[in-house]
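Student: Model the full structure from these sequences, guided by the hints.
Residues per chain, in single letters:
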Amino acid sequence: MTSTTAGRSSDTDRAMVKIAGVHKFFGDLHVLRGVDLDIATGEVVCVIGPSGSGKTTLLRCINFLETYQQGRIYVDGKLVGYREVRGHLKPARERDIARVRAETAMVFQSFNLFPHMTALKNVTFGPMKVLREPKADVERRGRELLDRVGLADKADAYPAQLSGGQQQRVAIARAVAMNPKVMLFDEVTSALDPELVGEVLAAMKRLAETHGVTMIVVTHEMTFARDVADRVVFMDQGVVVEQGPPDEVFTSPKSDRLRTFLARFSGSHAAIPVDTVATT
Amino acid sequence: MYDLRWEYITNHFDWFIDGLLLGLKMAVIALAIGSVIGLVCAFIRASGKRWASLPVTIYVEIIRNVPLLLIVFLLYFGLPQAFAPRSAAHEWTLRLLPDAERTFIVALAIYAGAYLTEIFTAGILSVGRRYLDAGRSLGLSRLALARYITTPIMLRAVLPSLSNTFISLFKDTSIAVAIATPELTMAARKVSTNYFRVIEAWTTAGALYLVTSYAIAISLRMVERRIKWSA
Amino acid sequence: MQVVLDNADLMWIGLKLTLKLSIVIIALSTLVGTFVGIGLVYGNWLVRSVLRLYVDIIRGIPLLVLIFLIFYGLPALHVSILGHPVNTNIARFETATLAFTLFAAAHVGEIVRGALAAVPAGQTDAAKAIGLTFWPRLRHVLLPQSMPVILPPWTNTAAELVKGTSLVTLVSMSDLMFATRKIAERTGEVVPLYAAAAVVYFVICFSISRAGVWVSGRYRYGVAR
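Protein chains in written order, with the numbering used here: chain A, 0 to 279; chain B, 233 to 463; chain C, 3 to 227.
Just so you know, these hints were derived from the structure itself, not from any lab. Incorrect hints may have been included.
[Unchecked claim] Simulated crosslink set (DSS-like; lysine-lysine; CA at most 27 Å straight-line): (1) Lys134(A) / Lys120(A); (2) Lys180(A) / Lys204(A); (3) Lys128(A) / Lys180(A); (4) Lys77(A) / Lys130(C); (5) Lys89(A) / Lys130(C); (6) Lys130(C) / Lys204(A); (7) Lys128(A) / Lys77(A); (8) Lys204(A) / Lys120(A); (9) Lys422(B) / Lys184(C); (10) Lys134(A) / Lys180(A); (11) Lys257(B) / Lys422(B); (12) Lys130(C) / Lys120(A); (13) Lys22(C) / Lys184(C); (14) Lys184(C) / Lys18(C); (15) Lys89(A) / Lys180(A); (16) Lys130(C) / Lys128(A); (17) Lys180(A) / Lys130(C); (18) Lys130(C) / Lys134(A); (19) Lys120(A) / Lys180(A); (20) Lys89(A) / Lys77(A); (21) Lys77(A) / Lys180(A).
[As the list claims (entries may be wrong)] To give an idea of the chain A side of the interface with chain C (calculated C-beta under 10 Å), a few residues: (22) Val99; (23) Gln108; (24) Phe113; (25) His115; (26) Val129; (27) Arg173.
Glycine included, C-beta positions come from ideal geometry on N, C-alpha and C.
Tutor: Written out as structure tokens, the structure reads:
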């Protein structure tokens, strides 16, 4: 893999997201200790692991909400967060960072909907202001998206008037509206009451099946990962320990660490039973 | 350019210090009187009796929406005129407020009273019901309840606001210069107009106010920490 | 009462200056203060230190001292505003504007700082994630959300500013207070005149407070009362 000074990867069969040798420190804390990961276009990847493993930090590095100190991250061939100057990383201009961020979309654990905008406005704001798309098109598409997550009638509601599950579905619609090349999901059901988790997972499942968009999902929902992921990545202590198709990873884990981790979720067995995600 | 001559300040530094101390004195007295006014008014308001809390509300709203300078002028120029000369009220007024300093203190106290009423009202409302219930079940009268339960609890809660108010009042004493009270601002004005040492005079005054405000803030914060007990 | 009516025209002239000064100062200090607040939260170390020093100094001195410092100090340094030496009759208004804005921007800055710092970090994350750069983030996401927190203390500051304009009478500017005082000296009728002035100040300040409450009510965003 060669890198030119413009920060582009010249591999013809390139991955949508390429993470190479990434290290990140929070002060003295070495959170990411050399992460290597390639994600192909249209692939749905679930990242699992114990808390503190660095999976959320890695996700936030992809759209540069967190900086990284060593290594390279490429999204669709563009270097994230930095310019390459004679082999060294120099901070990129705000404009370039923003441009990469506009091509990725993130759904957060705490929803982070803009409270001073209606659901529809939340969804249409990015396309209108950042992507500069015409208002009429954006609004039409916005309503379609809200309909697809089952919230057509809540278009004019404010986030304060919506339940957690509804807010998260609006957040998903907001992310999809940006037509991103990569969608990033950061433990999006962890903050929800159990009865609301199902509706959000169902929306994500529909997304994975119909959209063909690259999805990277950090999650604790093992049944979802088993059911929806093309590949499951297990991280622990800042590195990728094991990865593979869900059947392999869940039924025959190769590493002890993964075995221990999985054991926590199903009592005595190290395997996760197959289950379909409840749809609303 | 302007060359700085600090001798004019150092020679008359006593003016500045005396003025500073007078300012502190006026602020303390105004805070004390204002607190009495504020406590009484706050309890009246908290009692919920419409006929009594209406005048309180009028007092508070008027004072808070009118400049302090106006209150000072009204008192200083207006009071001597308010009563017929040689009447009892007139003599009484002259006896009570013989000079600018006294008059200013009263004006500042009235001003402070309005703001303190608001602070104490909020404080009273914040006293947890459980303390009142405990007091009532002991058989305490309303007055005793107010005196032994509500006030001590409320005072600790409003201590930060009281500190801020005191510092504000101290800064407001600068307005006393309008009626020629020998306060810190007046001292600076004297040096400024008599010797034309404007920069030295006003930066000295500013620095003294600044340092004093900070000193008060820090010491009050230490006092707060001492008095604090878990709510 | 009659004396008030007889001199109403003079008082009106003073009132005009008070109003004009108030409006200009409130607008200017809000603008400058907003940038001060933004700088205090998002600026680099140097910006934050300078602004912090500025805010702390201003908040530690009385408004009157600042007024005197600027009105008498600047001419001594031969500073001019807009081409005119400070404190000549031509530049009085500008001098006063400078002094009051310097004072109020510090207070507004502190208010804005507190409000911006209170916006949840996740909002900045979400705004960054959709590709907004710094100033658009502030304008579309962060500042709108800090409005409910800014408005009550800002309304307070605005009312205090209007009351503060009365201090310009002590530097011989012909505002409402100055007019009232002069007329009172001339006619000897103190109480009715000052009472009338009090009513005017009351109406202005009270209206500002009420307006603030009304505007605050509009920033509810669907939150049930």
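Student: Each hint should be assessed against the structure and marked as holding or not.
Tutor: Hint-by-hint comparison with the structure:
Distance restraint check for Lys134(A) and Lys120(A): the Cα-Cα separation of roughly 11 Å lies within the 27 Å cut-off, and the hinted pair is therefore satisfied. As the CA atoms of Lys180(A) and Lys204(A) are separated by approximately 17 Å, the hinted pair is consistent with the 27 Å bound. Our distance criterion of 27 Å between C-alpha atoms is met by Lys128(A) and Lys180(A), whose separation comes to about 18 Å. Restraint check: the Cα-Cα separation between Lys77(A) and Lys130(C) comes to about 18 Å, which is no more than 27 Å; the hinted pair holds.
Our distance criterion of 27 Å between C-alpha atoms is met by Lys89(A) and Lys130(C), whose separation comes to about 20 Å. The straight-line distance between the Cα atoms of Lys130(C) and Lys204(A) is roughly 26 Å, inside the 27 Å bound, and the hint therefore holds. A C-alpha spacing of about 22 Å is found between Lys128(A) and Lys77(A), which places the hinted pair at or below 27 Å, so the restraint holds. With a CA separation close to 24 Å, the supplied pair Lys204(A) and Lys120(A) stays within the 27 Å bound.
Of the supplied pair hints, the one linking Lys422(B) and Lys184(C) holds, its CA atoms being roughly 23 Å apart against a limit of 27 Å. Taking the CA atoms of Lys134(A) and Lys180(A), the gap is about 22 Å. The hint holds against a cut of 27 Å. At roughly 21 Å between alpha-carbon atoms, Lys257(B) and Lys422(B) fall within 27 Å of each other, so this suggested pair holds. Proposed proximity of Lys130(C) and Lys120(A) is supported: the alpha carbons are some 17 Å apart, at most 27 Å.
Proposed proximity of Lys22(C) and Lys184(C) is supported: the alpha carbons are some 20 Å apart, at most 27 Å. For the given pair, Lys184(C) sits about 16 Å from Lys18(C) by alpha-carbon distance, which is consistent with the 27 Å threshold. The straight-line distance between the Cα atoms of Lys89(A) and Lys180(A) is roughly 25 Å, inside the 27 Å bound, and the hint therefore holds. The suggested pairing of Lys130(C) with Lys128(A) holds, with an alpha-carbon distance near 13 Å, which does not exceed 27 Å.
Our distance criterion of 27 Å between C-alpha atoms is met by Lys180(A) and Lys130(C), whose separation comes to about 16 Å. Between Lys130(C) and Lys134(A), the direct Cα distance comes to roughly 21 Å. Compliance with the 27 Å bound is thereby established for this hinted pair. With a CA separation close to 22 Å, the supplied pair Lys120(A) and Lys180(A) stays within the 27 Å bound. For a cut-off of 27 Å, the pair hint linking Lys89(A) to Lys77(A) stands: about 14 Å separates their Cα positions.
For a cut-off of 27 Å, the pair hint linking Lys77(A) to Lys180(A) stands: about 12 Å separates their Cα positions. Residue-level restraint check for Val99(A) holds (minimum Cβ-Cβ distance to chain C is 8 Å; threshold 10 Å). A distance limit of 10 Å between C-beta atoms decides the matter here; for Gln108(A) the minimum to chain C is near 9 Å, and the interface restraint holds. A hinted interface residue such as Phe113(A) counts as satisfied when its beta carbon comes closer than 10 Å to some beta carbon of chain C; here the least separation is about 6 Å, so the hint holds.
Against a cut-off of 10 Å between C-beta atoms, the interface hint on His115(A) holds, since the closest Cβ of chain C lies about 5 Å away. Hint on Val129(A) holds. Least Cβ distance to chain C is approximately 4 Å, under the 10 Å limit. Interface hint status for Arg173(A): upheld, as the beta-carbon distance to the closest one in chain C is roughly 8 Å, under 10 Å.
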